[in-house]
Amino acid sequence: MNEMDDMIKMLAESPDEQRKSMLTQRLKMIAGQPDEQRVKSIAGLVSSISKLKDKKMKGFIKARTNLLSTFPEEEGKAIMEARIKASKLLDEKVNKTDLMATIEATKEWPEDKQKTFMEHLKQIFVKLGMPMPEFK
Amino acid sequence: MMMIDKLVKRYKEALFFGSFLVLTSLGLGIYRTINEATIQSTVTEIVLSRFLEIVPLLGLGFLKLGIGFAIATIVKRLKDTGKQASESFEKAGIEGEEVKQPFYARYFVNFLVIGILIELLATLLMIAWIIVGIYDYEVASEILHILTVPLEGVGVALLIGGIAFGLATIVLNLGTQVTLLPKRLSKLVKKNKEVEDLKLQEMLPRWNIGLTVLGMIFSASGFFPFAIIRASYYGSIGSTEPVPFALIWDTVIFVGIAIMLFSISFWLLKIISWLRAQRSELGKTVSELSGEKVVPIENELKISKIVPRLAYSGLIWMLIFFFVLALINSQIPSVMGQLIKPGRAISLAILFTGIGLALLIIVINLKLTAFMLPESFSKIVTVIKGEKIDHNVNAITMSKSLKLAPMKLFWGMIVGALITLSGTLPFAILRMINTTQGNIQIADTFEHIIGPWVSTGVGLIFLMIGLFFSTIVGFVNARKAIITEGVESCVYYSVAEKK
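Chains as they are written, first to last, in our numbering: chain A, 1 to 136; chain B, 1001 to 1499.
Warning: the hint list may mix true and false statements.
[Stated by the list, open to error] Pair ranges (Cβ atoms, derived): (1) B/Ser1290 with A/Pro15: 49 to 57 Å; (2) A/Pro15 with B/Val1294: 21 to 29 Å; (3) A/Leu89 with B/Leu1425: 24 to 32 Å; (4) B/Pro1205 with A/Lys88: 37 to 45 Å; (5) B/Lys1091 with A/Lys88: 20 to 28 Å; (6) A/Lys93 with B/Pro1308: 24 to 32 Å; (7) B/Lys1006 with A/Glu13: 47 to 55 Å; (8) B/Gln1084 with A/Lys88: 36 to 44 Å; (9) B/Glu1087 with A/Lys55: 38 to 46 Å.
[To be verified] Computed cross-link-like contacts, BS3-like style, restricted to lysine-lysine with a CA-CA straight-line distance of at most 25 Å: (10) A/Lys56 with B/Lys1388; (11) A/Lys20 with B/Lys1403; (12) B/Lys1190 with A/Lys9; (13) B/Lys1076 with B/Lys1100; (14) A/Lys40 with B/Lys1385; (15) B/Lys1293 with A/Lys20; (16) A/Lys40 with B/Lys1076; (17) A/Lys107 with A/Lys96; (18) B/Lys1187 with A/Lys9; (19) A/Lys62 with A/Lys77; (20) A/Lys51 with B/Lys1009; (21) B/Lys1388 with A/Lys20; (22) A/Lys56 with B/Lys1408; (23) B/Lys1183 with A/Lys51; (24) B/Lys1199 with B/Lys1183; (25) B/Lys1100 with B/Lys1199; (26) A/Lys58 with A/Lys9; (27) B/Lys1385 with B/Lys1190; (28) B/Lys1385 with A/Lys77; (29) A/Lys55 with B/Lys1403; (30) B/Lys1388 with B/Lys1187; (31) B/Lys1012 with A/Lys53; (32) B/Lys1009 with B/Lys1083; (33) A/Lys9 with B/Lys1009; (34) B/Lys1083 with B/Lys1190; (35) A/Lys40 with B/Lys1091; (36) B/Lys1388 with A/Lys77; (37) A/Lys55 with B/Lys1408; (38) A/Lys93 with A/Lys127; (39) B/Lys1091 with B/Lys1009; (40) A/Lys93 with A/Lys51.
It is worth saying that the hints were derived from the structure and are not from the lab. All C-beta atoms in this analysis are idealised placements derived from N, C-alpha and C, irrespective of residue type, glycine included.
Here chain A stands alone, though its shape is the one from the complex (with noise of 0.2 Å):
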């Protein structure tokens, strides 16, 4: 059992506006972690949000994703580097279904948002020497 298992179980059953803080707080603390320990918290996270029920995961990682959204570029970047990298640590259904809610999570912006935010991530993939998937 993950130790932050209870905790995201919690923030889920939190009122929006809890959960937006505490997440905004947590996501801040592990962009200004050291690269090796943000990959590992990340794998924690996701790998947390994955045991929740289908919908609450879901809207879970819209939350989580809509955040980074207003994060300073850096942030940004330094918290989805260690989302691709943390891959590696994780289930690779976990892996991909959280992937695929993070980029239907997406679809809600508007297209030019959309757009940055795919381009970043094929940057990431090619940076990391990594193939990026198909998301369909």
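Start from chain A and add chain B according to the hints.
Then chain B, alone, in the frame of chain A:
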């Protein structure tokens, strides 16, 4: 030791097994009551009456074991948090003296294990008691009757005492971390390496240790010396005449239990005060390091003031009313004596309601702490990196913190308390009225159902307490993750900055 570590993790299994035994006893109690006329003076009646004296208590014992093991899990996580944070600080050259763990912190899990083993031994005595009952060995049967339940009391003393000492260990470790963490973070930023002075007596109220021990002595005294004296008296004289202690020994056990529960209420209150102190001290440190204004923590919840009142009321009820009633009844036996056993449950229900409220407040405080910690570490890391704090990020405000309470568990405890109370009102009162009116059959029916019914109420309370602690384990895990990650980041950037 490894085996005990493995056992401790199985606290949920212990909780559910305990509940199963209590519910089985309730089922058998109902069966005995319904079939009263047909099973009277039969082997079934002998087996059931003796089984129902011990097995509900054994079930409650397993529930207490589950609670104790959940507390041991919390202690382990707290210690791991402290150890990992200390190791991180050492990388930055900040070393501190660790608090030496006192005897109760080292041995409380052993108390729990020995407690349940004694309860199992009492169950073996019960089986012997059933066998001698079937073969009609009167002297052996009476001596086993005298010894079995008080021996169970020794197990209860060790189990509840173990829980209280486990909570004292939480207080000690939490207090240490609440005191040291802000100081060490401050040193990390200010490059100060003075060794901190940590006084054990400031961490926890030592009077409460004495109170826990006193409660354990009272509960165990039902067996030693009372049961030993009674058994020797009966064995030598062979008489069923009451000896001086015969009618008050079990009240003494319950006075001990009430003292221990009173002590537990105050350990829980101390945990609440340390959790609040953690937020306020960390907030002050963050503001001191970042130059921001101190954000005050939320006001203390009004319901926390009810906890000590319930603790005092429960203890006074047990001490004065029933202790006095038991003493009077031991000299001048009357029908009022029928109120003693179930009436003690009123005291337990009051004490447990206070404990339930305290646990509710602890969960709220843990949630508030979980909300606050990432923000604090994020700000300290920003200060260490020499960057500007982003004031656009909203601080978490919590005007209605009661909304964070796990009310389902609390209401579960209240239902348990009401079931326990109903053992007196109406059951014991109806039994008393029927006895005075000469309706002995109806009075006996009430007598037979009261025990398993009250045990079910107390069992439900214990199960809810166990589930409360299980929830707390989750938050202590999250706290560990955030603190170790946060300290590691602070140390990383502090060391990187030096290079």
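Those earlier numbered hints the structure runs against, lowest number first: Going through the list in order, the structure violates hints 1, 3, 4, 6, 7, 8, 10, 12, 18, 23, 39 and respects the others.
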